[in-house]
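Chemist: Residue numbers (our numbering), protein chains in the order written: chain H, 1 to 86; chain F, 1 to 86.
What the hints contain is simulated information worked out from the structure, not anything from laboratory work.
There's no promise every hint is true.
Derived contacts from chain F toward chain H, CB cut-off under 7 angstroms, selection only [as the list claims (entries may be wrong)]:
| hint | residue |
| --- | --- |
| 1 | ASP7 |
| 2 | VAL34 |
| 3 | VAL37 |
| 4 | GLY40 |
| 5 | PHE43 |
| 6 | GLU44 |
| 7 | ASP48 |
Beta carbons: idealized from backbone N, C-alpha and C, even for Gly.
Number of protein chains: 2
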Amino acid sequence: MARVVVDVMLKPEILDPQGKAVHGALPRLGFDGVTGVRQGKRFELEVDGELTAERLAEVRTIAETLLSNPVIEDFAVRVDEAGGAA
Amino acid sequence: MARVVVDVMLKPEILDPQGKAVHGALPRLGFDGVTGVRQGKRFELEVDGELTAERLAEVRTIAETLLSNPVIEDFAVRVDEAGGAA
Numbered sequence: 001m002a003r004v005v006v007d008v009m010l011k012p013e014i015l016d017p018q019g020k021a022v023h024g025a026l027p028r029l030g031f032d033g034v035t036g037v038r039q040g041k042r043f044e045l046e047v048d049g050e051l052t053a054e055r056l057a058e059v060r061t062i063a064e065t066l067l068s069n070p071v072i073e074d075f076a077v078r079v080d081e082a083g084g085a086a
Numbered sequence: 001m002a003r004v005v006v007d008v009m010l011k012p013e014i015l016d017p018q019g020k021a022v023h024g025a026l027p028r029l030g031f032d033g034v035t036g037v038r039q040g041k042r043f044e045l046e047v048d049g050e051l052t053a054e055r056l057a058e059v060r061t062i063a064e065t066l067l068s069n070p071v072i073e074d075f076a077v078r079v080d081e082a083g084g085a086a
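For reference, chain H alone in the conformation it holds in the complex:
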């Protein structure tokens, strides 16, 4: 059992209204010093059995076809050793 993390973010040239909303809220909450916020998606996939190069290639295909829209989004696939958000 292995965990693979897929991060999906809007490409830098694509407007990100969610990130802009978060960024706009920060000064109102008393936080300054943050010059930009981008919001994206994070997927954690539990892969059965050993994580072979073939399996990882399959996850890349999943990321490209189902989890992201390659026209407006970039994605990154990486194996999670630690256990993620906790």
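Add chain F to chain H, keeping to what the hints say.
Modeler: Okay, now just chain F, sitting in the frame of chain H:
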């Protein structure tokens, strides 16, 4: 200028319908071997100036109060050296 990444995921005991939907779509698209999918959020914060311990503590507070709901979500804050999804 430093980039800090905040990962927000639903706690393991909280039902994740988005992740379930993705998981359900995989066999239909011809992918097997993935036993579970969880979907969460990823925030990239650009922090002005040097990233001091104080600044990082502020980002943790932002993550706790604005970016996540600690009742149902876990978050992780880390400094991004590489540049993220690309």
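Chemist: Go through the numbered hints given earlier and state which of them the structure violates, listing their numbers in rising order.
Modeler: none
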